[in-house]
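Trainee: Order-wise, the sequence lines are chains W and F. Count the first sequence with my numbering and you get residues 1 to 110, in order. Count the second sequence with my numbering and you get residues 111 to 225, in order.
Hints in this document: simulated from the structure, not taken from any laboratory. Don't take each hint at face value.
[Stated by the list, open to error] Once the Cα atoms are required to be at most 25 Å apart in a straight line, the calculated BS3-like pairs of lysine-lysine come out as:
(1) W:Lys3 with F:Lys178
(2) W:Lys3 with F:Lys171
(3) W:Lys3 with W:Lys71
(4) W:Lys18 with W:Lys57
(5) W:Lys71 with W:Lys53
(6) W:Lys70 with W:Lys57
(7) W:Lys55 with W:Lys71
(8) W:Lys55 with W:Lys70
(9) W:Lys71 with W:Lys18
(10) F:Lys212 with F:Lys178
(11) F:Lys212 with W:Lys70
(12) W:Lys3 with W:Lys55
(13) F:Lys171 with W:Lys55
(14) W:Lys57 with F:Lys212
(15) W:Lys3 with F:Lys159
(16) W:Lys71 with W:Lys57
(17) F:Lys159 with F:Lys171
(18) F:Lys212 with W:Lys53
(19) F:Lys178 with F:Lys159
(20) W:Lys70 with W:Lys3
(21) W:Lys71 with F:Lys212
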Amino acid sequence: DVKVTQSSRYLVKRTGEKVFLECVQDMDHENMFWYRQDPGLGLRLIYFSYDVKMKEKGDIPEGYSVSREKKERFSLILESASTNQTSMYLCASSNDRGLYFGPGTRLLVL
Amino acid sequence: AQSVTQPDIHITVSEGASLELRCNYSYGATPYLFWYVQSPGQGLQLLLKYFSGDTLVQGIKGFEAEFKRSQSSFNLRKPSVHWSDAAEYFCAVAPFSGGYNKLIFGAGTRLAVHP
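Could you put the whole structure together from the sequences, leaning on the hints where they help?
Mentor: Okay, structure coming up:
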């Protein structure tokens with residue numbers, strides 16, 4: 001089975017902090033994704049990566065950056081967290097069979 | 111612009127009743143179509159997908175969906191709902207030539223099941 005894991009299920013951070021959300025997949029997938037999920041808005045793509053050190057902006061990249069130094073790991077970085085970044089963050093990876101999601105990280109920025 | 115509409119934000123059904131969740135899309139050509147389910151506190155799981163061929167698609171957990179090109183719809187159905195089906199359901203579309211980075215999600219429909 002494909003397994004996508006995220007380093008934290010819940011995080012509480014303060015405004016202005018630098019936040020790292022980590023994601024690891026164990027199926028050697030080329031593509032990895034970070035989504036943000038908000039009520040009434042569904043899922044919106046923040047960034048995706050199609051190879052190590054390669055990335056592309058999604059629909060809402062502002063305020064975020066990403067890092068992919070190894071194929072299995074894709075990190076989402078909030079350089080200076082703000083309250084409007086309080087949300088559920090979902091990582092995913094894909095092959096030609098489908099898109100596979102991690103359990104999500106619920107981030108609260110105070 | 112491409113879009114996905116799930117007209118029902120919340121739906122409540124009784125256990126054993128039939129279920130239909132609606133999904134309409136706006137796209138210039140026939141896209142790839144997906145339904146995902148998200149149980150409380152979990153990530154999303156793929157229920158079924160349509161790429162081409164038979165317009166009635168069977169998925170996991172007894173779900174099926176029918177692609178209707180004339181109505182730009184891809185409604186999800188289940189003949190008899192179980193209490194464990196209570197979850198949030200997302201319809202998604204991707205362009206025929208695109209990858210998952212082009213996937214557009216609907217806002218979701220939250221399903222409650224009464225015993």
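Trainee: Hints numbered earlier in the text: which of these fail when held up against the supplied structure?
Mentor: Of the numbered hints, 1, 13 do not hold.
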